[in-house]
Amino acid sequence: MSRQEVVKSNSHMVQKEMITRNYDRITGGTAKVSSTFVPGNLNELLMCFDIANNLPEINAIQNAMRKKSGEMIAEAERSGHSEDVCTYVKADIGMMAKGNIAPNGKPFPDPDVLLLSYTGCFTFMKWFELLREQYKCPTVMLHVPYAADGLPTKNMRDYIVKQLKEDVIPVLEKVSGVKFDIDRLREYLRKSAIAENDLVWMLESSKRRPSPVDCYFGGVYYMGPIFTAFRGTDECIEYYRLLRAEIEERIAKGLCAQSPDGDMPEENYRLVVEGPPNWTSFRDFWRMFSEAGAVVVASSYTKVGGVYDYDGFRHDPGHPLESLADYCLGVYTNRNLPTRVDMLARNLVEYEADGLLINSIKSCNSFSAGQLVMMREIEKITGKPGAFIETDLVDPRYFSAANVKNRLESYFQMIDQKRRAGGSAAAAGA
Amino acid sequence: MRTFIGIDLGSTTTKSVLVDENLAVLGRGITNSRSNYDVAARVSKQEAKIAARFTLFRNALGKDAEHLLSDLERNFRLEQFLSALRQLEETCMGYLDHPRFQGTKTALRGSLDAVFRKIEGEAQEIYAPGAARKSDFFRDIAGSRFMNLAEAACREADIPFETMLNIYDKSIIDVESRVDPDETVAVQMKNGLTRSLASAEGVGVDRGEALSALGTVLAIELEETYVVGTGYGRVRLPFPKEHIRSEILCHGLGAHMMFPGTRTVLDIGGQDTKGIQVDENGIVTSFQMNDRCAAGCGRYLGYIADEMKIGLHELGPIAMKATRVPRINSTCTVFAGAELRDRLALGERREDILAGLHRAIMLRAISIISRSGGVTNEFTFTGGVAKNEAAVRELRKLLKENYGDMTINISPDSIYTGALGGANFALRAVLN
Ligand code: SF4
Numbered sequence: 001m002s003r004q005e006v007v008k009s010n011s012h013m014v015q016k017e018m019i020t021r022n023y024d025r026i027t028g029g030t031a032k033v034s035s036t037f038v039p040g041n042l043n044e045l046l047m048c049f050d051i052a053n054n055l056p057e058i059n060a061i062q063n064a065m066r067k068k069s070g071e072m073i074a075e076a077e078r079s080g081h082s083e084d085v086c087t088y089v090k091a092d093i094g095m096m097a098k099g100n101i102a103p104n105g106k107p108f109p110d111p112d113v114l115l116l117s118y119t120g121c122f123t124f125m126k127w128f129e130l131l132r133e134q135y136k137c138p139t140v141m142l143h144v145p146y147a148a149d150g151l152p153t154k155n156m157r158d159y160i161v162k163q164l165k166e167d168v169i170p171v172l173e174k175v176s177g178v179k180f181d182i183d184r185l186r187e188y189l190r191k192s193a194i195a196e197n198d199l200v201w202m203l204e205s206s207k208r209r210p211s212p213v214d215c216y217f218g219g220v221y222y223m224g225p226i227f228t229a230f231r232g233t234d235e236c237i238e239y240y241r242l243l244r245a246e247i248e249e250r251i252a253k254g255l256c257a258q259s260p261d262g263d264m265p266e267e268n269y270r271l272v273v274e275g276p277p278n279w280t281s282f283r284d285f286w287r288m289f290s291e292a293g294a295v296v297v298a299s300s301y302t303k304v305g306g307v308y309d310y311d312g313f314r315h316d317p318g319h320p321l322e323s324l325a326d327y328c329l330g331v332y333t334n335r336n337l338p339t340r341v342d343m344l345a346r347n348l349v350e351y352e353a354d355g356l357l358i359n360s361i362k363s364c365n366s367f368s369a370g371q372l373v374m375m376r377e378i379e380k381i382t383g384k385p386g387a388f389i390e391t392d393l394v395d396p397r398y399f400s401a402a403n404v405k406n407r408l409e410s411y412f413q414m415i416d417q418k419r420r421a422g423g424s425a426a427a428a429g430a
Numbered sequence: 001m002r003t004f005i006g007i008d009l010g011s012t013t014t015k016s017v018l019v020d021e022n023l024a025v026l027g028r029g030i031t032n033s034r035s036n037y038d039v040a041a042r043v044s045k046q047e048a049k050i051a052a053r054f055t056l057f058r059n060a061l062g063k064d065a066e067h068l069l070s071d072l073e074r075n076f077r078l079e080q081f082l083s084a085l086r087q088l089e090e091t092c093m094g095y096l097d098h099p100r101f102q103g104t105k106t107a108l109r110g111s112l113d114a115v116f117r118k119i120e121g122e123a124q125e126i127y128a129p130g131a132a133r134k135s136d137f138f139r140d141i142a143g144s145r146f147m148n149l150a151e152a153a154c155r156e157a158d159i160p161f162e163t164m165l166n167i168y169d170k171s172i173i174d175v176e177s178r179v180d181p182d183e184t185v186a187v188q189m190k191n192g193l194t195r196s197l198a199s200a201e202g203v204g205v206d207r208g209e210a211l212s213a214l215g216t217v218l219a220i221e222l223e224e225t226y227v228v229g230t231g232y233g234r235v236r237l238p239f240p241k242e243h244i245r246s247e248i249l250c251h252g253l254g255a256h257m258m259f260p261g262t263r264t265v266l267d268i269g270g271q272d273t274k275g276i277q278v279d280e281n282g283i284v285t286s287f288q289m290n291d292r293c294a295a296g297c298g299r300y301l302g303y304i305a306d307e308m309k310i311g312l313h314e315l316g317p318i319a320m321k322a323t324r325v326p327r328i329n330s331t332c333t334v335f336a337g338a339e340l341r342d343r344l345a346l347g348e349r350r351e352d353i354l355a356g357l358h359r360a361i362m363l364r365a366i367s368i369i370s371r372s373g374g375v376t377n378e379f380t381f382t383g384g385v386a387k388n389e390a391a392v393r394e395l396r397k398l399l400k401e402n403y404g405d406m407t408i409n410i411s412p413d414s415i416y417t418g419a420l421g422g423a424n425f426a427l428r429a430v431l432n
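These protein sequence lines map, in sequence, to chains A and B. Just so you know, my numbering puts 123 at position 123 of the first sequence, and the rest follows in order with no gaps. Just so you know, my numbering puts 47 at position 47 of the second sequence, and the rest follows in order with no gaps.
The following block holds chain A by itself, in its conformation from the complex (with noise of 0.2 Å):
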């Protein structure tokens, strides 16, 4: 095994370790358990009152990896959920159908609250609306004002921090039975933004050519414990340490960013990549494009747990309810078209990536909306390529790898073509 082999699976062992730990927790009976959600998460606050952090959306991930969540949809879509409904949601559905059992085979507990903190994606009501049904246990609103204009306002903050202080904590209170302490939350926030420090050197070290990183295959293992359960610990803070030491050594040694199967040897084409992966053909999909040599230099599915880099958010101990409050309205899917389009257009330009790619999910309203009329304002804007794929997230049936292969393999070539377009108009004319 070689040396960089071993450095890569030090950062990967520990985040293994720390998602194995979370999931004991979660079921090990002794402590109160939230469900929540991804974007917009509150889990310093959760932190606050010892309640450990279960996130649906991952679980559906951790089983469409194990090809599990084929099963899970089919048993969702014969209880009567609709074909067009997303797959997360049916994953999650179908995993309680089949005895909610966690990925440490052990049973999860019923959660003692649903934190619901919606932020973008309406879907994330009903889904609540339905786990309220089968647990009946108290659920709590977070309502995020849509970022219609793009920039959040003083007045969508305000509103954010009074629900907090008159909705969200006095329910935590009751059901934790722990008294909010404001000190606490600034010293999980000071910590949350020392390792969001070195999340964003992270993202940003694939502005190197060549990139050391993958910022979307490679990038959805990095964000995981800053988007999940960890924000806000000292594990967190280390986990980012440690990642920087290794990224650092491959950019010493000059490495290209990683693959499934080890270093690429070479760097051809840098990508943006907006929209989620598929997840249960994970590998498959990223053996596509590092076998041509594709990079992704920068996503944005890696901002759906929040926006780092774009504005320089931290989290902000001095401010402790308003940095909650900015942190939620700023989430991705919060955001409007122009401001996706912009922080797109400017990554294809700051990360000198030749095009952007757009992997549009079935299921997911949220980020599909809209984005054929981005990757149009984004081709005008930059004069770089666009191309759509479509697959879905965790839904096995809805990844077709030859039709994804075509038009991947159509795209880098109509990159060659474009770097190519002075000699094929000669060639054209002959």
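No wet-lab data here; the hints were simulated from the structure. Backbone N, C-alpha and C define an ideal beta-carbon position, used for all residues, glycine too. There could be a bad hint or two in this list.
[Stated by the list, open to error] Cross-link-like lysine-lysine pairs, in silico, DSSO-like; alpha carbons within 27 Å at most:
1. Lys134/B to Lys321/B
2. Lys190/B to Lys170/B
3. Lys362/A to Lys384/A
4. Lys405/A to Lys134/B
5. Lys136/A to Lys106/A
6. Lys384/A to Lys241/B
7. Lys380/A to Lys362/A
8. Lys241/B to Lys418/A
9. Lys418/A to Lys380/A
[Claimed, not checked] Partial list, computed: chain A residues near chain B (C-beta under 7 Å):
10. Glu409
11. Ser410
12. Met414
Got chain A sorted already, so can you dock chain B with the ligand onto it with the hints?
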């Protein structure tokens, strides 16, 4: 001479285009893809080379040779047929050595011999001037004759028809997979020409001149300088990666070569539908294609034809007779059959339903194009479905409704668009 070849491996047919260094098309070849792309590629390539020899021969003889050439083509096909028939006979006979046929060998040999002599005798007639053939593929022509004759021969010799059929089935695959080497083709052409010169009247070309011109043409080596593969089956070819181009790029470039003003291309193939935007150099700037399912592609039409128990090529002409175009809801292959049966049961006319289906397919195509960036003048329609007049009629209507008047190009050679683009890429790979 240096030649450059593009091969488009479609799901139903495989096409080749051979060009010279100046990008002039010398020959085109087509064959059915069968299940073996490797063979299909070799056959179509050989066909393109044969066509190229004809082109060179025509160039050598000049305009006056048209009559001779068409007659030569016919006689050459006859020669090809006879040589394939001989191969088939040899292969069939070879199977008789199997221990399984120990008892019946003599009887089988006799019957096979009788059958082949008969077909051989008929060959002249099959390829007589003006004779209509249902298919140009050896398998189809020889197969149908063999079935007919073998049945009678078996009855006479009192041997089971099944056995003969079995031997034939095995042998035809071997024969089909064989591609004649250039030398054999040269002999076939020479023999063909001798036949033509002996029989054709008023060829207007001097005999000696023709023979020597053909000799010169046959002596030219058609060097395969570079071959590019594209299409559905391209990944199955034993080609290195650089020799493979996506069909989207090939169709875009091919359409540009046929109609340099092209800006939007619609290609409806057997498996997928593509909307492609190209710039003034034929470079693809954007594209979209159907997602996972093949709804609305050529295959869907095949499915409908099967469902109605008619030939694929009859669909268009029947739909042209429609008096009204009903709105068909489903372009889904799974539901279309059911909807079709329902509508027939309700008494709707077959031609009207078919017209509705064609419209449904085109609606879907229009939506794919609009996702790729809309329609810009000039518009070029390629792929097998472009041959279907009912499909073209619906497309024209929809384009006019949605985008107004514009130039719509459909080339009679549109089936070769992808291969043509491929040939251009082959040339560029060497020249650039
Ligand atoms: S954002 Fe998309 S994937 Fe996430 S819950 Fe909403 S619909 Fe599902």
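* Asked: Honestly, which of those hints from before does the structure not fit?
  -> Of the numbered hints, 2 and 4 do not hold.
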